[in-house]
Amino acid sequence: MTNTKNAVKPAKKRKRYASLDKRKSRAGWFFVLPFVLSFLILYVPIIFESIRLSFYRMRPIIGGGFELEPVGFLNYQEALFVDPDFVRTLTSGLQQLAFDIPAIVIFSLFMAVLLNQKMVGRAAFRAIFFIPVILSTGLMESIDAQNTLNEYMDSASGINDGSGESVATDLVSALDVERLFANMKVGTELVTYVTTMINNIYNIVNRSGVQMLIFLAGLQSISTAIYESCQIDGASAWETFWKITFPMISPMILVNGIYTIIDSFTTESNQVMTFISGIYNTTDGNVISSAMSWMYFLIVMLIIAVVAGIMSAYVFYQRRD
Amino acid sequence: MDAQNMQKAPAVMKETKNKIKVEFERTPLKERLKAKFISTFFLQKFVWFIFRFVLLLGISYVILFPFFSKIAGSFMAPEDFVDVTVRLIPKHFTLDMYKAVVTELGYLEAFWNTLLLSVSTALIQTFVCCLVAYGLAKFKFKGNALVFLAVVLTMVVPHQTLQLSLFMKFRYFDIFGIFKLLGGGVTESISLLPFTDLNLTNTFWPLIIMSIGALGFKNGLYIFMLRQFFRGVPDELEESAYIDGSGTLRTFIQIILPLSVPMMITVFLFAFSWQWTDDFYTTLFFTTTKTTLMPDIISIPKSLQTNYAGQNLYYAAIRNTCGIMIILPLVIMYLFCQRYLIQGIERSGITG
Chain C
30 MTNTKNAVKP AKKRKRYASL DKRKSRAGWF FVLPFVLSFL ILYVPIIFES
80 IRLSFYRMRP IIGGGFELEP VGFLNYQEAL FVDPDFVRTL TSGLQQLAFD
130 IPAIVIFSLF MAVLLNQKMV GRAAFRAIFF IPVILSTGLM ESIDAQNTLN
180 EYMDSASGIN DGSGESVATD LVSALDVERL FANMKVGTEL VTYVTTMINN
230 IYNIVNRSGV QMLIFLAGLQ SISTAIYESC QIDGASAWET FWKITFPMIS
280 PMILVNGIYT IIDSFTTESN QVMTFISGIY NTTDGNVISS AMSWMYFLIV
330 MLIIAVVAGI MSAYVFYQRR D
Chain H
407 MDAQNMQKAP AVMKETKNKI KVEFERTPLK ERLKAKFIST FFLQKFVWFI
457 FRFVLLLGIS YVILFPFFSK IAGSFMAPED FVDVTVRLIP KHFTLDMYKA
507 VVTELGYLEA FWNTLLLSVS TALIQTFVCC LVAYGLAKFK FKGNALVFLA
557 VVLTMVVPHQ TLQLSLFMKF RYFDIFGIFK LLGGGVTESI SLLPFTDLNL
607 TNTFWPLIIM SIGALGFKNG LYIFMLRQFF RGVPDELEES AYIDGSGTLR
657 TFIQIILPLS VPMMITVFLF AFSWQWTDDF YTTLFFTTTK TTLMPDIISI
707 PKSLQTNYAG QNLYYAAIRN TCGIMIILPL VIMYLFCQRY LIQGIERSGI
757 TG
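The listed protein sequences correspond, in order, to chains C and H. When the count follows the numbering used here, it moves up by one through the first sequence with no breaks and lands on 350 for the last residue. When the count follows the numbering used here, it moves up by one through the second sequence with no breaks and lands on 758 for the last residue.
So that you can see chain C by itself, here it is in the shape it has in the complex (with noise of 0.2 Å):
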């Protein structure tokens, strides 16, 4: 009698209070509420009114407010045929995209490597390669972006008429190195575009800043003991590279191109998105600089779920669970 009373009492309990998984799957929304709710009352919206507005015209009324004027398709096929610089803007920026973002993937892979090793000063220089991260965005960008000092300061001779143009600029053709590669008989195309990413080390630099972070965690994640037995069996610091650390960080890899895509394009120095912006600016609202920008958030999205298709097809996952 006993027994079968101590044997209901938790099926009671149990009744009354929800189970641990349950308990803690309600935690988890709990967690996540306040995204969940904002992005239901505000961003969808957001989203759903600037797709809506594509397809609007807008007018402003005199005495204020806006008048709305549906036009179908019209905002698209005037930005596409009409406007004179959007396509030529949006093929030059893609290519601009396609040329930086293995240049950026390889420099930030690289530079984590060297960061990552033991050396004199190490601490300093990874406190100097971040500085960009937190300096050089936003305001700073744009201030660089007419800069003529910086020129006219490293200009080693000359008078500068603070054009922009001085002689030392161009670091790699000053050194008849493009020449010299141009010899070794490798393809002009590599070499311009090892050359054009030489020139435009600043920029790379500076936009590479999170992505040596993240590249730098996921180093600090490979184990050490693969390096000492890899070191036992005699391998050299170029196979370890190869055959360990690469395929290691091959999802950071990953990760990293996906970041730089959505990075390089959100951008307001990237070219395509300051001629929306100029467009937005200077007719005051129009809504073409809507259609504009999700013509060419669909194109990148697109171009992001090829990379990643592409990709995810070589990455190697240490786990798989």
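There's no promise every hint is true.
[As the list claims (entries may be wrong)] Restricting the straight-line Cα-Cα distance to at most 30 Å, the calculated cross-link-like pairs of lysine-lysine (BS3-like) are:
no. : chain 1 : residue 1 : chain 2 : residue 2
1   : H       : K548      : C       : K53
2   : H       : K442      : H       : K427
3   : C       : K147      : H       : K442
4   : H       : K451      : H       : K436
5   : C       : K147      : C       : K51
6   : C       : K51       : H       : K546
7   : H       : K451      : C       : K272
8   : H       : K505      : C       : K147
9   : H       : K440      : H       : K427
10  : C       : K147      : H       : K440
11  : C       : K147      : H       : K451
12  : C       : K53       : H       : K546
13  : H       : K425      : H       : K442
14  : H       : K497      : H       : K708
15  : H       : K548      : C       : K51
16  : H       : K708      : H       : K696
17  : H       : K708      : H       : K451
[Unchecked claim] If you want the footprint, here are the derived chain C segments under chain H, 3+ residues with CB under 8 Å:
no. : segment
18  : 73 to 80
19  : 120 to 129
20  : 153 to 164
21  : 219 to 229
22  : 301 to 309
23  : 318 to 327
In short, the hints are calculated from the structure, not lab data. Values in this document were obtained by computation on a predicted structure and should not be read as measured data. Every residue, glycine too, gets a C-beta built ideally from N, C-alpha and C.
Fit chain H to the supplied structure of chain C, relying on the hints for placement.
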């Protein structure tokens, strides 16, 4: 066996309390140095060391040079910009630009306003992102993946795309038409509120509301980083806390948050400095010049306006001086916080 060992054991020459001097046959110093320094291994290491050092130094120069040139230019008088012999070291040292920026452009007001805005949004963002990231990392509930997808979506859609509708949203702020209903916008009979919508532009509210909802600038990235960090925190810690009778919120505040201080400082540093130098939201939401913020002070002070030869460079230098004044607080903060930044990142052990 014993005898042999005894013979091989080095003879003790002198023995004191702490030290012991032993005599044994050593390779001569010359031989040892030779073996150490004249070998391909050492040579390789040495060349690599030099190469690495020069490379890092060079890139550090590339990073730091713009700052040096800005600082140098900010102390120059207009005469120095036409003088060909003057490069980095000013001949006519003045503080005119700094004086003008502080007195004429309302630097102090902008500083105070931006400080208020940045600290409040960064604190809110750090805390909210921690909450959301913890929920995503440690609780398996239905829709977890969906919420994470939403986070990624907010990260991917550039806010420039939403420029117009963001502005409209906060210009005519309303939640589900509640204000409109209560304010009498729908029917004349109900008018509990004196307004039908709120104009939140030119106040801090748009940014604060977005921060509370973790929709601020790059909040998706913070959530992603923190989520990876929380995933690395062992479950046993929380389980033991639950067994001791602690609730989820208490566990989060008393166990998890103290653990993640370096990571939180990293996120705070990002949020603070990106808000500090932001000019997208501030120019979007602050349309009048009533509240002076950092973007407003980048202009040419009246007392420094000139018309002569070096005008272009001089104006560039003035803008740069504004830039220096803007980032000065950030530099000071970075000096103190950079080791937390690196610690936080290293401990996060982000894996894809």
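**OP:** Identify every previously stated hint that the structure contradicts and give their numbers, smallest first.
**Re:** 5, 8, 17, 19, 21
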